[in-house]
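Assemble the complex: chain A is given as a structure, and chain B with the ligand must be docked to it using the hints.
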Amino acid sequence: MQALKVVRPTTIAEAIEQLNEGGDGARPLAGGTDVIVIARARVRDIDVLVDVKQIPELTAIEWDPDSGLTIGAATPCYELYGNADVVQNYPAIIDSATLIGGTGIQGRASFGGNLCNSSPSGDTIPTQIVLEGVANIAGPNGERSVPVEDFCTGPGRNVLGQGEFVVSISFPAPDASGGARFLRFIPRNEMDIAVCNAASAVKLDGDTVRWARVSIGAVAPTPLLVQGAADALVGKPLTDETIEAAAEASKDAATPIDDMRGSIKQRKHLSAVLTRRTLQQAARRARGEDIPSVGGH
Amino acid sequence: MVATDKPAYRVIGSRPVRPDGADKVTGRARYGADVLLPGMLYGRVLRSPHAHARIVRIDTSKAEALDGVRAVASWDDLPPKNWDELPNLGEGAAETRWMARNVFASDKALYKGHAIAAVCATDPHIAEDALGLIEVEYEVLPPLLDVREAMDPNAPLLHDDLYTTDLSGGGTSDEPTNIGKHLEFRSGDIEAGFEEADIVVDREFETSMAHQGYLEPHNGTAMWSEDGELTVWNSSQGPFVVREQLHMLLDLPLSKVKVVPMEIGGGFGGKIPVYMEPMAAILSKKTGRPVKMIMTRQEVLEATGPTSGTWVRAKIGATNDGRIVAAEIELAFEAGAFPGSPFSAGALCALGPYDIENQRVEGWDVCVNKPKVAAYRAPGAPATAFAVESVLDELAELLERDPIDLRLQNAAREGTRLSDGTPLPVVGNIEVMERVQGSEHYRSELQGENRGRGVAMGYWRNGGMETSAHAAINQDGTINLVVGTVDIGGLRATHSMQLAEALGLEYDDIRPQVVDTSAVGRSSVTGGSRSTFAAGWAMHELAQDLRTQLEARAAQIWGVERDEVSYGDDAVVRGPEAEDGSERSVSFKELAGQLYGSGGMIQARADVSPTTVGPAYAGHVVDVEVDPETGKVDILRYTAVQDVGKAIHPSYVEGQLQGGALQGIGMALTEEYFYDDDGVMRNSSLLDYRMPTALDTPMIDAVLVEVANPGHPYGVRGVGEVPIVPPLAAITNAIHAATGVRMQKLPASPRAVLNELLSEET
Ligand SMILES: Cc1cc2nc3c(=O)[nH]c(=O)nc-3n(C[C@H](O)[C@H](O)[C@H](O)COP(=O)(O)OP(=O)(O)OC[C@H]3O[C@@H](n4cnc5c(N)ncnc54)[C@H](O)[C@@H]3O)c2cc1C
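Going down the list, the protein sequences come from chains A and B.
The first sequence begins at 1 in the working numbering and counts up by one.
The second sequence begins at 1001 in the working numbering and counts up by one.
Here chain A stands alone, though its shape is the one from the complex:
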């Protein structure tokens, strides 16, 4: 690890200034569970860490039954699963929040950090995508909002420009007929990185799928919103056949690599398996069934 400086802005404006000044060597610090690892391994040259946790907006959780949920980008996972409104209304967020790392990591790791780290395997990103999350960005040229599915541009890369950072992530209010589920496949039972992950969200009219979103991760340079999977479902009854068609669409959309974490064949296969399993469980949640998150906290 190289020697580096840490600054602690308390306002958005101050943070923008410090990030802008620091240029390429400056990085926001949320929980630090990615960025400190990266700094230690010298994957990137970092000389200033801008700790954004002292900025009130970055750790706020705001819930409104009409307009939905906004979470500060640096809110740690344990604050999410400790929040009754989030638990009640966004079980898929809890799926992701409870399985990142372990209890210790969840005390620090944030959804904003996970998104901005922009790893293809980030375990909150498919969830954010299927819940129609929007990243609210602040920067030297003002504010802008980007849908999460458009946020990542490649492994470790995203749309943020010089001096920009994510303030919060917003999700629309859930639908009474809706349900969502996130699952990942890892070789162990905890402390691991997804070989493949997936989230599905559905809204049902009786047996018919009125609306659906499916997202898969770790099988392409960025987490994917699989339009073909939604197309295979929307307007059709939710049956083994339509679910299988959606699973096949995920498998087709996946363009994984072979590496030490998984093979192409395995990841394509898992894209289908996890699409099927998340859809089945999202539908059960939509019908009011309580499917607990299985994270290790």
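Treat the hints with care, as some may be off.
[Said to hold, decoys possible] Straight line, CA to CA, 20 Å or less: simulated EDC-like cross-link-like pairs of lysine to aspartate or glutamate:
1) A/Lys-265 <-> B/Asp-1627
2) B/Lys-1181 <-> B/Asp-1146
3) A/Lys-265 <-> B/Glu-1760
4) A/Lys-268 <-> B/Glu-1761
5) B/Lys-1315 <-> B/Glu-1330
[Claimed, not checked] For the chain B half of the interface with chain A, some residues (derived, Cβ under 7 Å), not all of them:
6) Val-1680
7) Arg-1682
8) Leu-1687
9) Arg-1690
These aren't lab readings, by the way, just hints derived from the structure by calculation.
Values in this document were obtained by computation on a predicted structure and should not be read as measured data.
C-beta atoms are modelled at their ideal positions from N, C-alpha and C, and glycine is treated no differently.
The following block gives chain B with the ligand in isolation, referenced to the frame of chain A:
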């Protein structure tokens, strides 16, 4: 004093709190990383990015010019070497020549991570920055990664001065080769044996390199003083073995090297060789300051010694009534960059649990462009047991026999000759098999889809080696015990317990301490399942000596003949009746109070090297569930049965069984050195080098069978290693029972299992 069947012990078999426990759980215990000395410098290592490359040029001038950098060291800084001397490394013997070339690459880098140069600076960040300023010109050579390709006579050579040594009396090869050693065991008539067989199963198996996975990285701090004395503080399995390696590598007299053992955060065989200690010593000599070096996790995985990746072929023939009539085993072990894999132990252990008349076992120790392997818990045995126990499972299935029945029918017992011809002493092999078969786990019905049960056996010879100790009696009747074997897994406690037992004292009366190499006689490593075994002999000798001296002192105080006095097991010294008819007796504590002033205090020392080692047998039962859609194997239930001879401290013995099983589970399911074609390990972090976590295993039931070792005062057999032997095959046999698929290549990762399941479908 030889153990009878069920002697009544007072202290042995109880579960007292360990003397080092409170300090360890409160963080007060001092490990290698806690060493802080005034003026200390920090060292870092530049390592080869290539698996195989000629080093054309090293230019360290820019690094040396960096502000804060104090010295740089490389191969040329090692003193002229006398290659013919061989240090006694216990289970990890290696020639100094190879050892030196592993410390620093000489003319070639032989694996990714091979040390090229070391830098020390006033802070670790500067040392790290300096590494980037060292210029190295490499001529990259193609890496040799496959053990069987490396055996090919036409394969490129790693070393031009390596010749094959034939351990079976065949001398040394004429031409240089990649094969360090070869051996063959033969008995009976192998051809006739297979001819007699009604059924023969012949399969090939592979395992991957696997790391011991101790959480504490290697570390060493060295101070080379102006008068030429070297002191090294580090965490190792044996300070004396560290001292010997430094003596050889640095050409220093043993008396001028002092090694101070810090607490150790796990070793499992891997903390016997030195890596950075000699570098730190050289850097300290150059700068006149203490130099501290600690490896990163990546360095631990890429540049210390994992266990061999292996190829094993097992061909076993049986008659229809289940008699195993012939077995042929061939094995090739990756040694890594330098010779010295545990292939001979693997060869010896392969058929250890069985009595087979006709057999042939042949093995090769082969160099490849990977890190030099080190000992790892029962080195070599898990791989060969994996092969043999898988084939036996298949035979049992074909013969429609209960897998334990088949093993019992062919079980080795006292007098059975091992593959190397030595007869077994009293062992608990059959008792273990019977306990497995009779266990509630084995007899329970396994219900549910995609589930299966597997069993396997394991054998390990265990070790003896040297242990030295001193005991000094204090005036208040307590004892300070001084030992040179570092405490891994509760050794302080088991030393104290055995001494307390032998003297009739309480456990708390003995205060044990692990001391440096200047303060006690040479002691071998804590390893080879030897330490509690040898400790028992040492404590027994100390006790005999103390008893004799106390008897003499009491006789002197009473003015009676020496042989009229005796020390009883209740720690009371009794003499003849006094003239007035009163009883002459004095307790240990009272007598201790009288020593001072009656001739001085009393101490004893013991130097033992016991050879009456009791071999160990283990039998494991495991239930698994396999997700047919993902290939993931979940362990539902696990029982480890083992003959432990006598459990001195049952909790620590159970811990050994559980820990061994857990590491075996890792080898079976998730742990592997994943190399790309360039010979670069792609998973050198604990994220991607997957050891099982607490959520990956249920509680492992440890069942202790106690068939006393007649060669030990308390019946102890080594217990630490054999529990890693059975898990590999027990688990793959269970996977077979669950899915019909036989995993012959480990790890049986989800990727590998899914691949088998998907290819079964089509
Ligand atoms: C032991 C361990 C286990 C882990 N397990 C998992 C797991 O199971 N699943 C998983 O997906 N990940 C896992 N991770 C990775 C990591 O914990 C997550 O990605 C986490 O969500 C990152 O959040 P953070 O707040 O710690 O981010 P940080 O490390 O603080 O930041 C991550 C990146 O985002 C940038 N950044 C942070 N906040 C902002 C912002 N507001 N605006 C712009 N850029 C920002 C940083 O500069 C950095 O580049 C694990 C990490 C560890 C160490």
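Hint check results:
1. This hinted pair checks out: A/Lys-265 and B/Asp-1627 have alpha carbons roughly 17 Å apart, not beyond 20 Å.
2. Taking the CA atoms of B/Lys-1181 and B/Asp-1146, the gap is near 17 Å; set against the 20 Å cutoff, the hint holds.
3. Restraint check for A/Lys-265 and B/Glu-1760: satisfied, since their Cα atoms lie roughly 15 Å apart, inside the 20 Å limit.
4. Of the supplied pair hints, the one linking A/Lys-268 and B/Glu-1761 holds, its CA atoms being roughly 16 Å apart against a limit of 20 Å.
5. Between B/Lys-1315 and B/Glu-1330 the CA atoms are separated by roughly 9 Å; this keeps the pair inside 20 Å, and the hint holds.
6. For B/Val-1680, the interface hint is violated, the least distance from its beta-carbon to any beta-carbon of chain A being 10 Å, above 7 Å.
7. Checking B/Arg-1682 against chain A by beta carbon gives a least distance of about 4 Å; that is within 7 Å, so the hint holds.
8. Look at B/Leu-1687: its Cβ gets to within about 6 Å of chain A, closer than 7 Å, so that hint holds up.
9. The restraint placing B/Arg-1690 at the interface with chain A holds, with a minimum CB-CB distance near 6 Å, inside the 7 Å limit.
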